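One-letter residues, chain by chain:
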Amino acid sequence: MIIEATNVSRVFSMPAGPVTAVRDITLSIAPGEHLAIKGPSGCGKSTLLHMLGCVDTPSSGTLLFDGRDVSTLRDRARSLLRLNQIGFVFQRFFLLPMLTAAENIELPQSEAGVNKDVRHARTRELLDYVGLGARADHRPSQLSGGEMQRVAIARALANRPRLLLADEPTGELDQTTGEQIASLLDRVNADGTALVIVTHDPGLADRCRRILTMKDGRIESETHPVGRALPASPKPSGEGGSGPPGASR
Amino acid sequence: MRQPARATLGILGVAAVGALLFDMLLLSQGLVISMRNLLEQSGFDIRVTATDSLPQGGPMIDNASSAARAIAALPSVSAALTIRFASARIERAGKTPVRSSLQGVGLSDTRPWTILRGNDLQRGRELLINENAARMLDVTPGASVTVRASCSGDSEALPPVEFRVAGVAAFPFDTPDAATAATSAASLGEACGGQEPDAADVIMVAAKDDPVIAAGDISQLRPDLRAFTNDESVGRLEQGGFTYFRQISTVLTTVTVSFALLLITVLLTVSVNQRLGEIAALRALGFTRMRVVSDVLAESILIVGIGGALSLPLGVALAAGLDRILKRMPQIPENLHFFVFEPQALGVHITLLALTAFVAALYPMRIVARLPIAATLRDEVIS
Ligand SMILES: Nc1ncnc2c1ncn2[C@@H]1O[C@H](COP(=O)(O)OP(=O)(O)OP(=O)(O)O)[C@@H](O)[C@H]1O
Ligand SMILES: [Mg+2]
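Protein chains in written order, with my numbering: chain W, 17 to 265; chain S, 16 to 398.
Be aware that a few hints might be false.
Said to hold, decoys possible - Footprint (simulated), chain S over chain W, 3 or more residues, beta carbon under 8 Å:
#1 29 to 42
#2 69 to 78
#3 87 to 97
#4 122 to 131
Claimed, not checked - Keeping only pairs whose Cα atoms sit at most 25 Å apart, straight-line, the calculated SDA-like set for lysine to any residue is:
#5 W/K231 to S/V396
#6 W/K132 to S/A389
#7 W/K231 to S/E293
Worth flagging that the hints you see were computed from the coordinates, not collected in a lab.
The structure displayed is predicted, hence computed values, not measured ones.
From the three backbone atoms N, C-alpha and C, an ideal C-beta is built for every residue, glycine too.
Start from the sequences and build out the full structure, keeping to the hints where you can.
Printed below as a string of structure tokens:
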């Protein structure tokens, strides 16, 4: 298992009283998993995703990443964990506007200390993978929303994470563009990276093999859409090796 | 740096503020350094006066020539020269009379001036004049002029005395448009109508080796007189009016540095606040807290560094302009400067700017260090 969350809750203390965003959730995520989390606004989807991504820690319960209790890790160790094992895709892309597409993709690699030649090759490979080979030197302002999200996906994959987390990745995009991003994400998962998508969009959720529906901070139901049953065994890391994402390290 | 326009604004602000800061540093020591140079330029190391007051400001030294001889005979002293200050009206047929300072110097081989044309003083009734006097009287060496001296502060008209202009000289304390003249002590005594013929305002002494030792010897020889080395003279000036410049400069430096601090802090804070989403995203992608915090510091150093580099030529140009304005005050010797460059000022300038870059970045660095990743990502989507 990549992640094993047991009885995880997250309570925010607010002036008006504590707000429980996530209540007592137990959940595991296996390598290669294809998971959607849906539910009404305010039900705690993003809060759960942030805990899975190790940017937030549970108020109670335990969350193990690769068997390690995340709440015992110091900030630096948690940053390194995110850098090397987890990719994030955001609704608002959050590309650095002064950097080109290629530079944005290189950024996490240089932070991880990857040498220049390897970095350049990996960036090329990723740009081709997301279909933006010709836009390497364009800045975000010169790209469309869908293209920016592609760059953001490439950036999230730069350090070959085992887990990719996406919070409303199509939230800012029109239907057609959203579908293109959705199939790109499908491909990323097919190529071996575990994928967790938080979304309102039933169309996007239904592409996943496993769907969690949340309500009031709890998992209300878990479904496996027809024709997309759980694979007998999760795809072992690295075996999807046809495309760039490659969970092999 | 998201917005080049804002960064440029910051750089220009630092350049302007840095130029002012640099000038304040040049001003704080400028007059003192310049005065020391001027004193040393005369070739004498020690000034001997009757009392603690500055030459021309206090009582004169009586029997000055014998005092100078005795001082010159000290083993630590190489030369001693008496100077008596007076003023005079110098007249020449067909020209407007010129008001001039007139100094009478004793016998000595070392003299405080530099001859530009003609000869140095050799016999009686000879006069050296500066360029201004030469121009106003339209005379060349060899010409005759009439001198009406006014001595010891009394303004009663003394009989005119005929002098021959021996040469044109540059005097260390010359002001840009005043006339200066010098003659021998004996001739000045005659022009003064024989009043106090052997009195002097100051005895200028050149030390053989260490001025401090020579000054000590002089004090021992003549406990009734005061001997000041150039350093002590500068020190006395510093205690007098010159400290105003340092105080003004300290106040203005503080104001300037605070202004730079505020400017950079505001710029960086605005810039950081606009990028909270990006910063939180980078943190989510695995950038360490240290890394995003040091990026803020780097931005500060970049802005202050470029601005600081620009501030130097700007400061030098501004200092030259300000110096010219200040020197329009009357009675300022031509070679005296208010803004004087010394390497130490550059060192202080760089240190202050470096501190500014660091301190200005503290608050925005704190914002970034304390940024909650999850909450920020959420806020950025909601807003
Ligand atoms: N940092 C926070 N401080 C206070 N309350 C918070 C914080 N983050 C989340 N909450 C609260 O927790 C609850 C769940 O929020 P969350 O953002 O996880 O919902 P969501 O399911 O992602 O909603 P949406 O679909 O609108 O994005 C909400 O009531 C929200 O107000
Ligand atoms: Mg959300």
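To see whether the hints hold, each was checked on the structure:
| no. | hint | result |
| --- | --- | --- |
| 1 | 29 to 42 | violated (count 0) |
| 2 | 69 to 78 | holds (count 3) |
| 3 | 87 to 97 | holds (count 5) |
| 4 | 122 to 131 | holds (count 4) |
| 5 | W/K231 to S/V396 | 20 Å, holds |
| 6 | W/K132 to S/A389 | 31 Å, violated |
| 7 | W/K231 to S/E293 | 30 Å, violated |
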